[in-house]
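Trainee: Take a look at the letters that make up each chain.
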Amino acid sequence: MPRWKINHGKTQEKRQRRVRLRMAVNKPPAGSSPGTLVLAEGAPMPRIRAVRYTPEGFEERAIGDARELASFCAPEGILWVDVQGLGDRATLEWIGKHFALHPLLLADVVHVPQRPKCEAYEGATFLVVRRLRWRGDPNDPVDERQVSLVLGARWVLSFQEGPDDVFEPVRARLESAAGLMRKQREDYLLYALVDAIVDDYLPVLDKLANNLEALEERVVEQPSRAILRELAALRHDLIAIRRDVWPQREALHALLRGDVAGISEPVKVYLRDVYDHCVQVAEMVEVYREIGSGLLNIYLTSIANRTNEVMKVLTVVATIFMPPTVLVGAWGMNVPLPRLPGGDAAQFWWVSGGCIAMAVGMLAFFRRKRWI
Amino acid sequence: MPRWKINHGKTQEKRQRRVRLRMAVNKPPAGSSPGTLVLAEGAPMPRIRAVRYTPEGFEERAIGDARELASFCAPEGILWVDVQGLGDRATLEWIGKHFALHPLLLADVVHVPQRPKCEAYEGATFLVVRRLRWRGDPNDPVDERQVSLVLGARWVLSFQEGPDDVFEPVRARLESAAGLMRKQREDYLLYALVDAIVDDYLPVLDKLANNLEALEERVVEQPSRAILRELAALRHDLIAIRRDVWPQREALHALLRGDVAGISEPVKVYLRDVYDHCVQVAEMVEVYREIGSGLLNIYLTSIANRTNEVMKVLTVVATIFMPPTVLVGAWGMNVPLPRLPGGDAAQFWWVSGGCIAMAVGMLAFFRRKRWI
Amino acid sequence: MPRWKINHGKTQEKRQRRVRLRMAVNKPPAGSSPGTLVLAEGAPMPRIRAVRYTPEGFEERAIGDARELASFCAPEGILWVDVQGLGDRATLEWIGKHFALHPLLLADVVHVPQRPKCEAYEGATFLVVRRLRWRGDPNDPVDERQVSLVLGARWVLSFQEGPDDVFEPVRARLESAAGLMRKQREDYLLYALVDAIVDDYLPVLDKLANNLEALEERVVEQPSRAILRELAALRHDLIAIRRDVWPQREALHALLRGDVAGISEPVKVYLRDVYDHCVQVAEMVEVYREIGSGLLNIYLTSIANRTNEVMKVLTVVATIFMPPTVLVGAWGMNVPLPRLPGGDAAQFWWVSGGCIAMAVGMLAFFRRKRWI
Amino acid sequence: MPRWKINHGKTQEKRQRRVRLRMAVNKPPAGSSPGTLVLAEGAPMPRIRAVRYTPEGFEERAIGDARELASFCAPEGILWVDVQGLGDRATLEWIGKHFALHPLLLADVVHVPQRPKCEAYEGATFLVVRRLRWRGDPNDPVDERQVSLVLGARWVLSFQEGPDDVFEPVRARLESAAGLMRKQREDYLLYALVDAIVDDYLPVLDKLANNLEALEERVVEQPSRAILRELAALRHDLIAIRRDVWPQREALHALLRGDVAGISEPVKVYLRDVYDHCVQVAEMVEVYREIGSGLLNIYLTSIANRTNEVMKVLTVVATIFMPPTVLVGAWGMNVPLPRLPGGDAAQFWWVSGGCIAMAVGMLAFFRRKRWI
Amino acid sequence: MPRWKINHGKTQEKRQRRVRLRMAVNKPPAGSSPGTLVLAEGAPMPRIRAVRYTPEGFEERAIGDARELASFCAPEGILWVDVQGLGDRATLEWIGKHFALHPLLLADVVHVPQRPKCEAYEGATFLVVRRLRWRGDPNDPVDERQVSLVLGARWVLSFQEGPDDVFEPVRARLESAAGLMRKQREDYLLYALVDAIVDDYLPVLDKLANNLEALEERVVEQPSRAILRELAALRHDLIAIRRDVWPQREALHALLRGDVAGISEPVKVYLRDVYDHCVQVAEMVEVYREIGSGLLNIYLTSIANRTNEVMKVLTVVATIFMPPTVLVGAWGMNVPLPRLPGGDAAQFWWVSGGCIAMAVGMLAFFRRKRWI
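Chains as they are written, first to last, in the working numbering: chain E, 153 to 524; chain C, 153 to 524; chain B, 153 to 524; chain F, 153 to 524; chain Z, 153 to 524.
Hints listed in this document are in silico derivations from the structure and should not be mistaken for laboratory results. In this text the structure is predicted, and so the values were computed from the model without any measurement. Just so you know, not all the hints are guaranteed correct.
The list treats identical chains as interchangeable, and a pair is accepted whether it falls inside one copy or across any two copies.
Claimed, not checked - Straight line, CA to CA, 20 Å or less: simulated SDA-like cross-link-like pairs of lysine to any residue:
| # | residue 1 | residue 2 |
| --- | --- | --- |
| 1 | LYS179 | LYS269 |
| 2 | LYS420 | SER184 |
| 3 | LYS521 | VAL419 |
| 4 | LYS249 | ALA226 |
| 5 | LYS335 | VAL419 |
| 6 | LYS179 | GLU320 |
| 7 | LYS269 | HIS405 |
| 8 | LYS269 | SER376 |
| 9 | LYS521 | ALA384 |
| 10 | LYS335 | TRP398 |
| 11 | LYS179 | ASN362 |
Model the full assembly from the supplied sequences, consistent with the hints where possible.
Mentor: Below is the structure:
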């Protein structure tokens, strides 16, 4: 029975890692100074890409040492520093100092994952956004990453957990003179970055919906034990995504409501659009979660259904063969048997015929009761 | 067993399409400029019907090329442009430019489905409304379409996804001089359009209620595996409709509350009536959803009930026939048997009688326990 | 098996009618002018009873033709017109015109059922109240009717769906000089009418509670298939009543809050009392609904319990009789059998004794495991 | 089977009485004048204990006739009149008149139970509080009583349903000169009375928690049918208590918020403490309710578990004994049997050995599948 | 069967203690004076550690008698008095008097557990925080303790239930000159204390998540009766923690909102960080609770699955062996048997072959139905 022998060890390991990661694991020990940075184990070294643009010009530089940034800054134009990878304390602290970031802000950047939020600090607006990515691994299909955005006066910082860049299209739009993006201010850049992240949710949800439907089909058609595990995993995913999406929606709403400084009215119209997508995503996740949590009940009912069918077969078989057993047993008794009509040879057939008549009668009875 | 062989492939395909469609599938790739229009695959070519009316006059024109609109516009009277079909970028962009629509507004018109909403743009109020239609196809009975309405100064735009026009009665009322509708302003026209859409919900809900009741009847009377699939489909429908109706209610409330400009007080009284219907619909859907989600439990209980009955039969049969098997087996042993009273022929009948007595005794015992 | 043969056709018909009625079935077709009146099929002809009272006097008149009302109106005193039955368009329109009712108001009076609500119109306050009545029919025990109340300057209109008058006690109190009611203004009359309706809820809830308890008793004691149907019906009723009571509570709260004109402070104290009763009713319904929805689970558990008991009996029976079957079968083999101690006659009793010993041993084993 | 014969008639009677009592049963008929008093059947005759105190003095008098109160009132000091028992209309009306109570207030005092509430009347603040008492009767363990409190200018009225006095400790504290209570004003007395009632909740909840735990233990260890009934009863209790506690919390909050007059700031600090206890109680009840409603699922699962175990035994028994039945039957056939190695006597043992080998093999197979 | 014999007595005792402790058990009897202190049974004697610091200096003293505090106080610097253990009335009352604490505040300190809250008293802000600790005992893994914090003008009091100190790291940071903590005011100290407590939640949640995952793995793989008990216990824990975390979140929010005095704006930025962690914890607990409550359903489904598998085996076995029983019984009849082709020896093999053919046929049938 190979089903019993599948090695689920790896699955379990991965899932554990995932759920445990849901709260920042690289937090400083309880009681330490606020703003103490503890790097996540295995976090990649930062790769910095700085961009400075004015309506007329665009300059991009890949920066090896954070200190090069100082020379890149210039009074005119808007600066966007994108940090990919959070694995070097010195770099992060230098950036924090250079842009006068609050120690708690920097700590939230480093101690991933934080819940999505929008916070106002003196001179900077801090936005934590959650990114979803479809990994394709059936045991842990969705990957979540934190992207931290800081909006200052004429500059925007973005911090991504890993090297898989989500902002490339934005950079391309900035570079090409065609779009009007370079004429906009830094708040529009912030919008463009958030929009790029939220737009990425759609294919993930689409694939989740596909999984959900395939699972529902299988639950109704051929419930097996393997499905139970998949159902539980899907439910975890949906619960987790939902936990991310709702605060994200709130964070965007805070931006819209004007809880924080630095967002101009025309850009709010654009942010409202992102917010709207986020609400739509949140509602979809809610719908999926509702459908997903109903699947377990459908599974249970489907199993009950099959048990009922098996029971009917057992009952039919037992009822058909038990009476003949008694009948042939009776004629096997070592006592003088009653003589049935006909010759010696007819005796056997009379009894056998009785058995078959009993079986047919029982079958007819069951059919009338609609059991078979 | 034909039940196992039904080809459910088509059902699945349709349902997948439906659920996946719930979010705009024709969105531009992540990171592109806001307002980039991506036409939905297979969207029909637009058919434009423009209407201009004053209290005294009414003029309607079917417009082939959007540019004809320019000549149709006139300073006096109220203009209503109804676009049926969203399959031509040039037309949509021309209209967007002519009426100075915000690029995001136009994107929301094209990237269907959006969630129902009411948004204020400069110089225009944008309203997304969801339309429900009963298609009759048992596998996917309800069809949802987006209708986008834009209210400007003395003009109203309406965009419908397909060619099945829902606004014909409104046009007829405008044309006939009898109604007082031509004396009203453009906000009243907006109300009339929304009202026509919301009024259409009633027959759909009515049919859903019928389905629900028929299903409940069958669940209690003769639970079968086919019902499980239908139950799941109905649940999907109700979840989906509910997801549409609640934001629609909110959107109408935003109109009423005065979040947007352009709605006069007397028209608000009428809109309150539409809002009221929408609330009623939302409550009905909630009621149906609650009843529908209880059906699965009733099904499970009904199955458990039947399994219990089958078990009883099996138990009764086993208990009646197992003791005689032992009895006749005992008299079949190849050892000297105890001699029962009476002659040789009586031996057989004594044992047979014993068997029947045992069976009757067991039956009496079960009847007293109310098992049969 | 008479249980299978009960004709449930009628039940189904009634229930369908009931659920379908929950939304106004006599609405005008989508897209027609607002305020178009469509009479409900089978609505009884209106019977009008007009009352005019001053602190000193009381006059009542049964009015055949609505136009008689014009002559009945007088500058002094408070006028109460009670219309029972909504089956004549001319009458309703005449009243609407005479009291200058908004067309939407009149439409809501006619297109029953509307959800309970409180709306302010120019010169009139409109209140839709839901009435509950216990009909006693076990398949559809609760009957719901709409009562529409309109409060104007020195007049009150009340519209009842049918001829079963709920306002008789109020009329009696007005007529008798004893009460102080005639000294009060029209808002107090409105209160008195609402109070009469809400007070009527108590016996209905009381009877529902009785049903609920009887059902719970039966579910635990003797779950049968008929109960499943009754449970579903009761759940429908509770869901429906709850849907009516919550908006009614809201509507009364709107009156209290001062959303509408015409209610004086001293009368608000009285209305607060009615509101309070309504809240109490809403909470009771919530309690019943919660208990009711738990009943299905109790039923399922009760069935599982019984199946478990039946299974135990089957297992016990099988375990007691199967080993002896093998034993007697072994001694029935046509091979030389081992000779047991004692004479020829003893052989039979040795084996039979072995069978009984086996059965007793099994019984003892089961008793120790507490299975029987 | 004594379980089937227990007479549950009494239990049912009591529970019915309890649930039905949840709404005022002694209300006047629908449509009667507001403020009409209808005494509850069997309400005990009132026993009045009046207390008057100043910082220096304390006087208590048991009052037979309400009219004696007139002579007991005095300009100085604070008056507290405690009425135990609501069975005499004249007394209640006299008190209502003497203290100028609004007729609706007096009606709410008499028509028990009302939901807990806090209402402002002219010149008086009315507070309905619910009292819980542990009766110990296993079928209906918790007893609920209404206590109505009225706070006026320098006087407090308290109305208790029955003669079991909850305010004795307060009276004792007032009498003893030690406490500082006599220096406080009447709002502090109100607080002391409410505090005495709310403090009484703790032991009731404590006992409910004990019951809950004992039940949970039994559900997991030995689910029996009797538990089902107890579970349902406990669930009723928790639903009912919860229904009482939440509005009580609200009522106290209304006092704190300053919705009503007469509560000074320093006393609000004390009331906040009572409110806090009430919130804690409400949260506990919520916790119990959640645990309680999970018990039914645990019960069902526990039963399913046992059925599974019984099924395994049956399957094992059947599988062990069915193959030997065929084997010995085959050697019982009246045809020339194949000769097994060894002498005549060995034939029997070869077959028997075959049977045992089959049984052992099956057992080994089952053990490997972990079924036994 | 050892599973039946495990002594669960101890488990039960512990769990009872735990749930019962959820409300203050050492409250004064109902009706006593507010502020009466009743020490919890077995509360340890207080151990007082006082700290006074200025930006320049730091002084710590272990105080035996509370009266020594008087001499320790000094006009300059900030005083922090940490009381570990609440087992001495005199000490607590002395402290209450010395710092002019409201009697109700002191009562809430002593009567543990209170729900987490934030209350403003004259001259002092009172904060009740709940501490979680992982004990490792599988039957009662999480330990909850109350920490009460009082913030005054230039002083902070902290009361811990037991001697296991959670504030040591804070004291160390204060002592070391490195941190900037000594330059901050007393509100920052309050923040540091709350932060130390909330940071401690993380490992507890992490371990709960591990338990949850291990349980889920076992529920799917090998559901046993022992799991049912563990599931119930885990559910209790999650319900209890959730009950603690939500009000704690609220209490911190009240601090942030400025409901109480004494918190400066820069410290609010830090408190917002703690609040944020608390929200994250609350959301995690919600996620765990949701997953946990789904486990019972997965368990039930898993059991149903196994029952279904066992049933199939039984049905297959019965169906394979019952027909041969009849066949060999028929050839065992004491009547002239039909002569099958071949010699005497072939008779036996014909019948045996028939039996095997029947069994194989049945097996093929079942395989086609996918039952095995």
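Trainee: Hint by hint, note whether the structure agrees.
Mentor: Hint by hint, here is what the structure shows:
1. LYS179 <-> LYS269: Intra 18 Å, inter 26 Å, cutoff 20 Å: intra-copy only.
2. LYS420 <-> SER184: Only across copies: LYS420 and SER184 sit 18 Å apart there, 39 Å inside one copy, limit 20 Å.
3. LYS521 <-> VAL419: Answer is neither: 70 Å inside a copy and 63 Å across each miss the 20 Å cutoff.
4. LYS249 <-> ALA226: For LYS249 and ALA226, the Cα distance is within 20 Å only inside one copy (17 Å; across copies 38 Å).
5. LYS335 <-> VAL419: Close inside one copy (13 Å), not across copies (39 Å); limit 20 Å.
6. LYS179 <-> GLU320: Classified as between; 18 Å across copies, 30 Å inside a copy.
7. LYS269 <-> HIS405: both (10 Å within a copy, 15 Å between copies)
8. LYS269 <-> SER376: So LYS269 and SER376 fail the 20 Å test inside a copy (41 Å) and across (43 Å) alike.
9. LYS521 <-> ALA384: neither (38 Å within a copy, 24 Å between copies)
10. LYS335 <-> TRP398: neither (33 Å within a copy, 39 Å between copies)
11. LYS179 <-> ASN362: between (37 Å within a copy, 18 Å between copies)
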